[in-house]
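**Student:** Read top to bottom, the protein sequences are chains A and B. Taking the working numbering, the leading residue of the first sequence gets 1, the next gets one more, and so forth. Taking the working numbering, the leading residue of the second sequence gets 1001, the next gets one more, and so forth.
Don't take every hint at face value.
Distance ranges between label pairs, derived from CB positions [said to hold, decoys possible]:
| hint | chain 1 | residue 1 | chain 2 | residue 2 | range |
| --- | --- | --- | --- | --- | --- |
| 1 | A | Ala61 | B | Phe1130 | 21 to 29 Å |
| 2 | B | Met1206 | A | Ala270 | 40 to 48 Å |
| 3 | B | Leu1213 | A | His136 | 15 to 23 Å |
Examples of chain B residues lying across from chain A (beta carbon under 7 Å, computed) [as the list claims (entries may be wrong)]:
| hint | residue |
| --- | --- |
| 4 | Gly1050 |
| 5 | Glu1053 |
| 6 | Asp1057 |
| 7 | Leu1200 |
| 8 | Thr1212 |
| 9 | Pro1214 |
Non-contacting residues of chain A with respect to chain B, defined by C-beta distances greater than 12 Å in every case (computed) [unchecked claim]:
| hint | residue |
| --- | --- |
| 10 | Asn82 |
| 11 | Gln86 |
| 12 | Ala107 |
| 13 | Arg150 |
| 14 | Leu160 |
| 15 | Asp162 |
| 16 | Glu174 |
| 17 | Thr240 |
| 18 | Gly297 |
| 19 | Glu304 |
| 20 | Gly316 |
| 21 | Asp329 |
| 22 | Asn338 |
| 23 | Gly348 |
Since the hints were made in silico from the structure, they are not lab data. Fair warning: this is a prediction, and the values are worked out from it, not measured in the lab. Where is the CB? At the ideal position from N, CA and C, for every residue including glycine.
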Amino acid sequence: MTEKPTMIAFQDVHKYYSDYHALRGITATIKAGEFFSLLGPSGCGKTTLLRTIAGFEGISAGAVMIDGKNMAGVPANQRPTNMVFQSYAIFPHLTVGENVGFGLRRAGLAKAELAAKVDEALAMVGLKGYGARAAHALSGGQRQRVALARALILKPKVLLLDEPLSALDKKMREQMQVELIRLQRQVGITFILVTHDQEEALVMSDRIAVMFEGEIAQLADPETLYRRPNSRRVAEFIGTMNFLPAQVISEAGGKIEVEAKGFGRATLDAEQAPGASSGEGPAVGFRPETLTILFEGQTATDRETTATIEEVVYFGDMTYYDVRLEGTDKAVRISMRNVFGRPVLDIGARTRVAWSPGALVLFR
Amino acid sequence: MMGTKSRWARLRRTEAANGLLMISPTALYAILMLAAPLGAIFLYSFLTDGYLEIIRDFTFANYIEAWTNELYRTVMVRSLGVSMVVTAVTVLLAFPIAYFVSFHVSPSRKSLWLFLITIPFWTSYLIRVFLWKVILGYNGVVNSGLLGIGLIDEPLTFILYNVNSVVITLAHAYAPFAILPIFVSLEKIDRSLLEAGQDLGESRFMTFLRVTLPLAMPGVIASVLIVFIPTIGDYVTPQLVGGPEGRMVANLIQLQYLKLDNYPLGSAIAVSAMAIVTVVSLIFVGLNRRYLKGRKA
Chain A
1 MTEKPTMIAF QDVHKYYSDY HALRGITATI KAGEFFSLLG PSGCGKTTLL RTIAGFEGIS
61 AGAVMIDGKN MAGVPANQRP TNMVFQSYAI FPHLTVGENV GFGLRRAGLA KAELAAKVDE
121 ALAMVGLKGY GARAAHALSG GQRQRVALAR ALILKPKVLL LDEPLSALDK KMREQMQVEL
181 IRLQRQVGIT FILVTHDQEE ALVMSDRIAV MFEGEIAQLA DPETLYRRPN SRRVAEFIGT
241 MNFLPAQVIS EAGGKIEVEA KGFGRATLDA EQAPGASSGE GPAVGFRPET LTILFEGQTA
301 TDRETTATIE EVVYFGDMTY YDVRLEGTDK AVRISMRNVF GRPVLDIGAR TRVAWSPGAL
361 VLFR
Chain B
1001 MMGTKSRWAR LRRTEAANGL LMISPTALYA ILMLAAPLGA IFLYSFLTDG YLEIIRDFTF
1061 ANYIEAWTNE LYRTVMVRSL GVSMVVTAVT VLLAFPIAYF VSFHVSPSRK SLWLFLITIP
1121 FWTSYLIRVF LWKVILGYNG VVNSGLLGIG LIDEPLTFIL YNVNSVVITL AHAYAPFAIL
1181 PIFVSLEKID RSLLEAGQDL GESRFMTFLR VTLPLAMPGV IASVLIVFIP TIGDYVTPQL
1241 VGGPEGRMVA NLIQLQYLKL DNYPLGSAIA VSAMAIVTVV SLIFVGLNRR YLKGRKA
């Protein structure tokens, strides 16, 4: 993959609301054509950061650059960005077509040309023929599409999406996720999505910035974020991660020797220790699917231990087992894909568990 | 016997009966105090005046007189003109105030501002009109002030006892009535719509014209109706500050009823004024419906 040019650059951006420090030194770059997500719990500053790009929020210090230009003093209506609002902000006094064509007034197009562009934009979001409808009569999903068409018709350099899917039900949300990805590939515009839904961010993004308390905790592609979270906090925010206390025995030549409860001695690569433990003492972390329960006749490809099953949660395609590994006093979660003909184990059963040192993450 | 009784019992239990029972005091009041007098006036307007008595002869003569007599027509047109100017002035001045309170006052302070806006209501209407007399009079506040700083050599006379003073007094009296509906409609506007307007490339001013103003129109039209309807028939203000040139239709009706004892003609003028108000109001209601079309709530 060739290196794409930078579209947005935050240079040590700070934002204060009187004495509340909402953004605390954000430095990051977003590449052209990237699907970028700002992920974090509510109040972490992700929406504020998005609004500094749109121009709705001034910044107290630092710089926001769009396509190489410093945006200081540039009002929202002169920025090469468009936004899909959380509430969609569909103008209730206008029709669908008038909403979509709202931003084209200044282009001074002839009536027929304008209508053609609006039709094209509506077709792109799957609302062909909706132009004459009253905006208020639309469903949530349709309003979202109108908001998308209204923003994309202006061919912005950056499309900003402020939790656009949070108001939709689960089915509709999943459908819109796929459509947004398709749309982004089709138009090639930089998309910046704000979301508190880690699953949504993982599914949709090329890269994700995880934010806590006005700071970016980690900025990485979804896989790195999931496999190598750089702190316990990020690990716990994205998916499920089990933790067991551990001690570093020795460290040399890019290898770390640890003694972990339940696993015993293991040798990790230096890249498996990217993060901090946030004061809870050193620990190894692992995702539920990296451990495998061994059934009759199966053998571990790497290492193996024994465990007692304490809880079984059946999900149809998956079963979650809360198990206590030999020599530990706390249950950890293992997720197993259900296979036809294989029984679901009972609570209290003893079983063998396969694991691999490569799947562990060390938090110091 | 049994049958009717049970039917009555059943009727009493129905929701409709309950509803009627509940509104009956109000309905009775409205019928006695509103519908009955209105009907009487309507009836009078078709009878013949016999100086000190009313002759029960059906006639259109009162209406012909009311609509053709130069004097009555002038006063009617003046009333219409005054209330239109008052409405325009009041609503145009009320809009910026409502806008300011809605958009530039912090939410915690809004109720305080609304409270302050209602302060003029704390004194009686009559006293407020008299106060304007003090302010606008020959030796009033405005004139002595302007004389004092040497801007004028002799007192201004065009500010009292004519149409101007009526407009000023009425516009002040009705300002809160105009501010509140506009304020409510501005409050209902989702602020993200204004951000969306700017996000889509429009300046603040164009966003105001294309988003804020159309969405505030129901409030503006409500204000227009609320100011226009009562001012056209206002009696006290023209009587006290209007002078001979500032007389309006209510003063004319009073003249016919109480001074000239011509009930039929007074009634005909009153009914005609009501008809004009109705027509103008219907136009605005129609406009409002157009703006409200396709709008929730």
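**Student:** Taking the hints in turn, state whether each one holds.
**Tutor:** Hint check results:
Between Ala61 of chain A and Phe1130 of chain B, the C-beta spacing of about 59 Å breaks the proposed range 21 to 29 Å. For the hinted restraint 40 to 48 Å between Met1206 of chain B and Ala270 of chain A, the CB-CB distance of approximately 58 Å leaves it violated. Distance hint for Leu1213 of chain B and His136 of chain A: a CB-CB separation of about 19 Å, consistent with the stated range 15 to 23 Å. For the restraint placing Gly1050 of chain B at the interface with chain A, the shortest Cβ-Cβ distance is roughly 58 Å, beyond the 7 Å limit, so the hint is violated.
Interface restraint check for Glu1053 of chain B: the shortest CB-CB distance to chain A comes to about 58 Å, outside 7 Å, so the restraint is violated. At a threshold of 7 Å, the smallest CB-CB gap from Asp1057 of chain B to chain A is about 55 Å, leaving the interface hint violated. With its C-beta approaching chain A no nearer than about 3 Å, Leu1200 of chain B sits inside the 7 Å limit, and its interface hint holds. Hint status for Thr1212 of chain B: violated, given a least beta-carbon distance of 11 Å to chain A, over 7 Å.
For Pro1214 of chain B, the interface hint holds, the least distance from its beta-carbon to any beta-carbon of chain A being 5 Å, beneath 7 Å. Against chain B, the non-interface label of Asn82 of chain A is violated: not every CB pair exceeds 12 Å, the least being about 6 Å. The claim that Gln86 of chain A lies off the interface is violated: its Cβ sits roughly 8 Å from the closest Cβ of chain B, which falls inside the 12 Å cut-off. Not every CB of chain B lies more than 12 Å from the CB of Ala107 of chain A, the least distance being 9 Å, so the non-interface label is violated.
Interface exclusion of Arg150 of chain A from chain B breaks down, the closest Cβ pair being 7 Å apart, not more than 12 Å. For Leu160 of chain A, the non-interface assignment is contradicted: its Cβ lies about 8 Å from the closest Cβ of chain B, within the 12 Å cut-off. Non-interface status of Asp162 of chain A relative to chain B is broken: a Cβ of that chain comes within 12 Å, the nearest being about 9 Å off. Consistency note on Glu174 of chain A: stated as away from chain B, and its beta-carbon is indeed over 12 Å from all of that chain's, at 25 Å minimum.
Every CB of chain B lies more than 12 Å from the CB of Thr240 of chain A, the least distance being 35 Å, so the non-interface label holds. The beta carbon of Gly297 of chain A sits about 61 Å from the closest Cβ of chain B, which is more than 12 Å, so the claim that it is off the interface holds. With a closest Cβ-Cβ approach of about 56 Å to chain B, Glu304 of chain A is found to remain outside the 12 Å limit, as its non-interface label requires. No Cβ of chain B comes within 12 Å of the Cβ of Gly316 of chain A; the nearest lies about 40 Å off, and the non-interface call holds.
Residue placement check: Asp329 of chain A keeps its beta carbon more than 12 Å from all beta carbons of chain B (closest about 51 Å). Once the 12 Å rule is applied to beta carbons, Asn338 of chain A is consistent with being away from chain B; the minimum gap is 45 Å. Distance to chain B confirms Gly348 of chain A as a non-interface residue, since its nearest Cβ pair spans about 55 Å, more than 12 Å.
Comparing the model with each earlier hint shows violations of hints 1, 2, 4, 5, 6, 8, 10, 11, 12, 13, 14 and 15; every other hint is respected.
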